[in-house]
Amino acid sequence: MTTGGGRASSAPLLGRDHEPTLFELSRAGRRSASFRSTGIPEWEADELVPEEHLRVEPVDTVEVSERDLVAHFTRLTHRQYSVDVGAYPLGSCTMKYNPKVCDEVAALPGLARVHPAAPAALSQGWLELLVELEAALCAITGMAAATLQPAAGAAGELTGLLLMRAWHAAAGDERRRVIIPDSAHGTNPASVTLGGYDVTTVPSDDRGCVDLEALRAALDTDVAGIMLTNPNTLGLFEEDIVEIARAVHGVGGLLYYDGANLNAILGVTRPGDMGFDIVHMNLHKTFATPHGGGGPGAGPVAVAERLVPFLPGPRPVRSGDGQLDWEDPPRSIGRIHSWHGNALVLARAYAYILANGSDGLRRVADAAVLNANWLRRRLSSSYDIPFDRPSMHEFVASAATLKRRTGVRALDVAKRLLEEGFHAPTVYFPLIVEEALMLEPTETESPQTVEALAEALERIAAEALEAASAEGSSASPTAALAPRTTPVGRVDEARAARQLVPTWDARPQGE
Amino acid sequence: MTTGGGRASSAPLLGRDHEPTLFELSRAGRRSASFRSTGIPEWEADELVPEEHLRVEPVDTVEVSERDLVAHFTRLTHRQYSVDVGAYPLGSCTMKYNPKVCDEVAALPGLARVHPAAPAALSQGWLELLVELEAALCAITGMAAATLQPAAGAAGELTGLLLMRAWHAAAGDERRRVIIPDSAHGTNPASVTLGGYDVTTVPSDDRGCVDLEALRAALDTDVAGIMLTNPNTLGLFEEDIVEIARAVHGVGGLLYYDGANLNAILGVTRPGDMGFDIVHMNLHKTFATPHGGGGPGAGPVAVAERLVPFLPGPRPVRSGDGQLDWEDPPRSIGRIHSWHGNALVLARAYAYILANGSDGLRRVADAAVLNANWLRRRLSSSYDIPFDRPSMHEFVASAATLKRRTGVRALDVAKRLLEEGFHAPTVYFPLIVEEALMLEPTETESPQTVEALAEALERIAAEALEAASAEGSSASPTAALAPRTTPVGRVDEARAARQLVPTWDARPQGE
Amino acid sequence: MAGYVPHTDEELEEMLAFLGLGSLDELFTVVPPALRLAGGLDLDEGLPEADVLDRLQRLGGGNRAAELVCFAGAGAYDHDVPAATRALAGRSEFVTSYTPYQPEVSQGVLQALFEFQTLLGRISGMEISNASLYDGASACVEAANLAAAQTGRDRIWVSQGVHPHWRQVLRTFAAGTGHEIVEIPLVDGVTAWPDAGTDSGSGGPGSGAPAAVLVQSPNFLGCLESVPAARRAADGAGALLLVAADPVASGILRTPGEQGADVVVGEGQPLGISLGFGGPYLGLFTCRANLVRRLPGRLVGETVDGEGRRAYVTTLRAREQDIRREKASSNVCTNQTLMAVTAAIQLGWLGTGGLRELALRCGRGARYCREALVAIDGVTPAAPAPTLREFAVRTPLPAATVVGRLAEEGFLAGVAVGPGFEGTPYEDCLLVAVTERRTRAEIDAYASSFEKAVR
Amino acid sequence: MAGYVPHTDEELEEMLAFLGLGSLDELFTVVPPALRLAGGLDLDEGLPEADVLDRLQRLGGGNRAAELVCFAGAGAYDHDVPAATRALAGRSEFVTSYTPYQPEVSQGVLQALFEFQTLLGRISGMEISNASLYDGASACVEAANLAAAQTGRDRIWVSQGVHPHWRQVLRTFAAGTGHEIVEIPLVDGVTAWPDAGTDSGSGGPGSGAPAAVLVQSPNFLGCLESVPAARRAADGAGALLLVAADPVASGILRTPGEQGADVVVGEGQPLGISLGFGGPYLGLFTCRANLVRRLPGRLVGETVDGEGRRAYVTTLRAREQDIRREKASSNVCTNQTLMAVTAAIQLGWLGTGGLRELALRCGRGARYCREALVAIDGVTPAAPAPTLREFAVRTPLPAATVVGRLAEEGFLAGVAVGPGFEGTPYEDCLLVAVTERRTRAEIDAYASSFEKAVR
Ligand SMILES: Cc1ncc(COP(=O)(O)O)c(C=O)c1O
Ligand SMILES: Cc1ncc(COP(=O)(O)O)c(C=O)c1O
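Protein chains in written order, with the working numbering: chain A, 1 to 511; chain V, 1001 to 1511; chain S, 2001 to 2455; chain B, 3001 to 3455.
The shape of chain A in the complex, shown without the other chains (with noise of 0.2 Å):
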């Protein structure tokens, strides 16, 4: 009997042993499910499919009691940490608070319970509110019309660089390049290659902005356009944004705005205004839907008048009689999603916005930065900032000198922060700053997190330095074993890319 699965037993409440997976808790005969009664004839499989296309035996997945999968899902939910468990100073990723409200919202009948290929007229209601939303976003970026059909920011890259490309080719004009600034996001550069464009990087200058000198050199028409993070990933302004956008425009390239950084310029600014053609924003970051541990998200992409007829479609459009209705762009680079793009994801959205109005995201930006900025005073005695001065929502700092003194590493750092109850900062991003720790506190976290946070990384690196003095040894053991009360210790990375397991059945044998 104590072969096979459906054992009970947790792991020891909040201990650190690991939780059996599925297949150790499956036992041949047992079943959760349970089906609706049909009054449908009870036809065999092969009274319904020709025997060639039957499979001999049932696929063998898993075979689980309910309370049992119930008790090992929520035991891995234990084994997890999340916004809701505590701060999450994840630069680059806007790891806010996601209001329960935007849960309830998703849940909603009318909106769940809706096929995605039911008629225009049976579905009024979302179409109304993707047109609502559509203008919301407008608003907050400055652009005449968006797509909501990217499901996740690289998504909205790449429809970027097709409208880019479709724009370029109804002038005729076949454009080979685009360039990206070494600051970059890996998914610009992806999307630049699957737009079907050579990259093209210009250096960032002493400031952390753009080298705009670097940036005239490397354009020409065969320049298709620039990809821009503004704020920029070290969180920092691009000041000479207008003549950047200028000298681009000159060209008769084309501004791509990545948005994953928007939360720092809500009702401040906006990309339109700066020149930027195509924007896309990151609903999961700015909009504060959750990330679901990766994902969903929800990308959508706004774009200037000229731009409009390039759109993805189709696109809910109202008519003359207030009807909505769906209907392809003139021009449309076409469908870029299965359906209308993360829906759920995009009520959620909308739900946000609505609560917080005009005047609550400029507050969101308002505490972002202020958080923000905070932060990086206060730490500037313990850490490197390269680029030290004011920032938007997120700067970057960095290990370097307390790695040359005490040989603990960003990686440590992090690993150690774990063991204080906080999820690490975005580390090695970007690539220009040296072992870079890029801190995004967000405006949801109380002014008492941020400085619980300070006081955590200030004891990290205070720690540091004192053993590397006390043992006049330059590896300080307490960072470099971190974490030590997590369900895990650190993890070997190498040997899972050396000794690949995929999935159980992949496993050695006996392990």
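Because the hints were derived from the structure by calculation, they are not lab data.
Being a predicted model, the structure only gives us computed values, none of them experimental.
Any given hint could be a false lead.
What the simulated footprint calls covered on chain A by chain V, stretch by stretch (three residues with Cβ under 8 Å from a Cβ of chain V suffice, anywhere in the stretch; the number is not a length) [said to hold, decoys possible]:
| hint | segment |
| --- | --- |
| 1 | 279-291 |
| 2 | 337-344 |
| 3 | 438-452 |
Residues from chain A shown here face chain S by an in silico Cβ test under 7 Å; the list is partial [said to hold, decoys possible]:
| hint | residue |
| --- | --- |
| 4 | Gly29 |
| 5 | Arg30 |
| 6 | Phe35 |
| 7 | Arg36 |
| 8 | Ser37 |
| 9 | Val56 |
| 10 | Asp60 |
| 11 | Ser398 |
For each residue, glycine too, the CB sits at the ideal point set by N, CA and C.
Chain A is fixed; fit chains V, S and B with the ligands onto it per the hints.
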């Protein structure tokens, strides 16, 4: 800024630090609440209510952001064992799996949004549900009718005793004593007192059942009735129940059935068939409604035909035209709940009964009794089993020998089991067993879970014996120090009572 | 069938074999054959989960009240429950745990209860709060029992303004305890306490001095009672003062504690708990520190663990039934913990400012509504006393008729006062409650339908 | 307004003072004055939570489709979602966590994804599964990109039976990659692959050999394709075989893996995900082990921590955009993790027997419904090929008209085939899907309304 609250840093994930109280997280001026727009004039307090009634300062409760509120209570849940986390072999409590579908039932707007004073014509669905549930409970217990008002088992007991009192009073028969066995649950004697009766305790015999001779000796016409649990709190079926009933009825007394252990006999036998006149059920045990950390429950009381006129009112009844209405039984003892009982708990229980049906409920009893007997047999080599004969859904082991040999008490075993990822059994109950460990695996735990529990208990005993023989001492350090992997270690209960701190405000300053 | 028993047939056989049994039936040989149920339970076979949900949804569909705009109160109020409260109170660790008998793995529930107790102490102005009782009625019963035990007397003066169901429950349980429930009538909507001077010796109504005086404020008719007057009546008789208070009203009203209550009880439903046809609700019970050893139900206290870490545990357990048995202060065991946790979350969400605003908004809506109703021909206030969230009106037609007619227009018009007020001027009145959920538009529509209904 | 910024005015000032600033505006002095928004955003002021919920509920009320009995499919299916799946997938640790960049505090999500990958491997018959892509369409695009990279070719043969939206998305993204999408037409409802013998050299349709052959089975019209035939076509052209499969159908159908697929993609919505107007759904992507280094998106692998405890981590990250940048196998970053976790839970709930039963029940309902519809005068099957959960019929009136008329009777009658099938015999057909939710009574009523509608 460090003073005051708002800190959203979590206790280290799965670590052992305490979670600050809501009051420590509070900061004047902070707020979660928002209220619906109504358009109603914004009169001030003194335009609504005369000054003499008004408080001068607002009541100072707590001031936290929604983000901190959510993080706080989420973190608290990570410090809490539950059925959804693991097995809960807590004897007498029937901590079975609570089906998730019942949560959805309790949230149905058609049930959850109904005002309890709505006229019957506007709440026919609820009345129907109550009438159907009553019928199902009567079918299960073999009784004629039931009241669904009692909010828990103890409330059911007192209701039953008042029914007993009313029944005798109606016959002009003033009786003063109620008999309970020495193995009875504490609520039984407490309810007897509140019912206005004196408790007469009868001993258990060496089979663990009511001593029939002692019972006969205690019976006279001053005895209003007897309260029995069957199977009793030792998990043993009262085999003499027919004779007991005959004897009690012989002196004009009534038989009360404490239904805490009804799980064992679902579909096997019925209290009504045994001769019981009054039966309470704990829906939060037998019918899987969740315990909510200590409540709510529901303790319906079913009665034999002759007691129906005395039931609490109002009761839902079907009139000639099929419509349902409320009706007071002619000789009703009166109302015992503010409204109609814990209605949403009743709805959950009804859903559970519908899902299981006659076949499923019998299967419940089968598996519950099988699990318990398997565990009893298995543990009989490592623990004392004072009444080692076939049990029903639970049994009582004893750590008496273990304590004598090693110093490890039932309490230590319980605490040590927490480290193993299981909830502890009920300890030191029933009172007639020394160092009692009362184990009820329930039917929803798989054989593998029951076996893992057995192994853990065996390990604990073996480790105690080993330590005792190794050290030649009588104290096992391991079990006595347990639990060490839980959010807090063994709690100082004596200090809690000695230096009472019943609220945050009663806390000695500066701690 | 949606079964929750995991055992496979093979496993059943293995386990039976281990026990030396040949069949499941043999597990039950201890049950006398005559008692064994032959044909199984007289119930239908089990249903799949989806059918169960359908069936219950259909039953819910039979409740027209669920769809009506609610002006009913009478102790159960249609407040908004915010998403955060719903989500947190629904966390399965809170929902599926047992009573915190093992504090080391129950700090979540214990700390939430400790916070509940603190919050209840603050809003009632008392030092001690238990961890919940069943409902408002049971809290009254326990308060009466406490007072009787404390004073050695067995009479309770109960204001007729106390919720009629609670008065009924007091009487039901008094049959067991032998307490005498003496009702003190209302005049102009508030309790007319016997004159303390003349009655102090004999104890006033009934014979012998009362153990306690119980008043509810706002009372069942919505009227604000004078707690000081009740305190004087109690003092005159040497009795304890028990006050039933409304946690929402506490947002703007003086606390019973500062006005001299010994015990404050109440119904906690307005604190984030859905109407749910009357349950599960939340019995509130707070008292002065000197009464703590008679406190009914569970009490959580702060302490430390072996390493000095802050920890919580249920304490003063010697009062409770499992230890004291027939001498326990109460028989309560399972209480309404999840509702207490819900209330703590809800009070946390409301916060200091929100609780005040909630009370104000209810008061404003009620005033607006009252003015609209009494402007209708033939509709008059039932009593001149001040009210907050709820008020009673006299209507030209019987209150039940008004409720019936307005249901057709989409409103649950209120609650007919009726039983418990027989022979009083309030008997035929309609009780109308207005929470913060009601908008001006809804009230306007309600008032105009009301006017048509009584025309 | 429901604000989520916790800062009090006092705190704002303290923090500004620490920075030596006099106002919040001074935080933004780096923004050139000309760019600063003068009057604030052109949006309404923020609303209280309750108003927001009301507003969205009203929008939901505008979706009549939500109330209709659903016979629409076309890639999105109205399956029952059990309470357990809903509850577990809604746990806030799953919902509010980020991508598991810090494995030590992300074992919950990582293990759930590892289990998802294992389950997907099993139902598709493949060795590798990623941790999700956006949707069925993006999974097809990534499969095409992988095949092009693997073979160094840039033509993709796409069966016309592939969902028309997915084909459109393939074409949209081909504008960037330069791939050529060649559609292979259907005959009798299934793909008519070019003869392998004659075309093997040149690669058949289009010029030059294809990188891959993409077939969907059951295809958009519900017809079961022959995967072996597609495999032969691929072999003939030296191309990879990409199969778009339905996870529900896998309960009874042979796996694409055992029939020779190199990559199996699909739409995971039927695995516990609500219709939700089309998203968030779940892009499934599985492949053979030899292709793992070109896998798009995240992959979770098992490893150990420093003390040898079992642990999970995202692995082979060198493929990904944050490391490989412009040379990455894909640009995907945020994916649909929560949906993958949901699918793992749902597959766990279904279990081996349940998945099979689910497929059978869909097939039975569809057969029952198809027989009822084709019994109606003028209604005929669109193709003779076998089907499972979905089938297409030719109707006497245009399909869109039928849908419109049946909506009045309470049914979402299906999906008009239309775009993507212009000029084919299927263009005017109606696609009808029947899930396990549909009862005989519903189907009977639907068929009789259908009959009236087309009469
Ligand atoms: C600066 C930047 N750009 C783009 C992205 C990609 O967005 P997504 O993950 O939604 O695809 C991210 C996400 O982390 C980002 O930080
Ligand atoms: C045997 C027995 N009787 C009565 C009770 C009291 O039931 P309740 O807690 O529902 O009041 C219990 C509860 O544990 C019990 O085990």
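Now for the hints, and whether the structure bears them out:
Beta-carbon proximity to chain V at under 8 Å applies to 0 residues in the segment 279-291 of chain A; the threshold of 3 is not reached and the given coverage is violated. Under a criterion of three residues with beta carbons nearer than 8 Å to beta carbons of chain V, the stated coverage of the segment 337-344 of chain A fails, only 0 such residues being counted. Residues of the segment 438-452 of chain A lying with their CB closer than 8 Å to a CB of chain V number 8, which satisfies the three-residue condition for coverage. Because the closest C-beta pair between glycine 29(A) and chain S is about 4 Å apart, less than 7 Å, the hint holds.
For arginine 30(A), the interface hint holds, since its Cβ comes within 7 Å of a Cβ in chain S; the closest pair sits about 5 Å apart. For phenylalanine 35(A), the suggested interface contact is upheld, since its CB lies about 5 Å from the closest CB of chain S, less than 7 Å. Taking 7 Å as the C-beta contact cut-off toward chain S, the hint placing arginine 36(A) at the interface holds, the least distance being around 4 Å. The beta carbon of serine 37(A) is positioned within 7 Å of a beta carbon in chain S (closest approach about 5 Å), and the interface hint is therefore held.
Among the interface hints, the one on valine 56(A) is violated; its C-beta lies about 22 Å from the nearest C-beta in chain S, farther than the 7 Å criterion. Interface hint status for aspartate 60(A): violated, as the beta-carbon distance to the closest one in chain S is roughly 15 Å, over 7 Å. Given the 7 Å rule on beta carbons, the hint for serine 398(A) is violated: about 36 Å separates it from the nearest Cβ of chain S.
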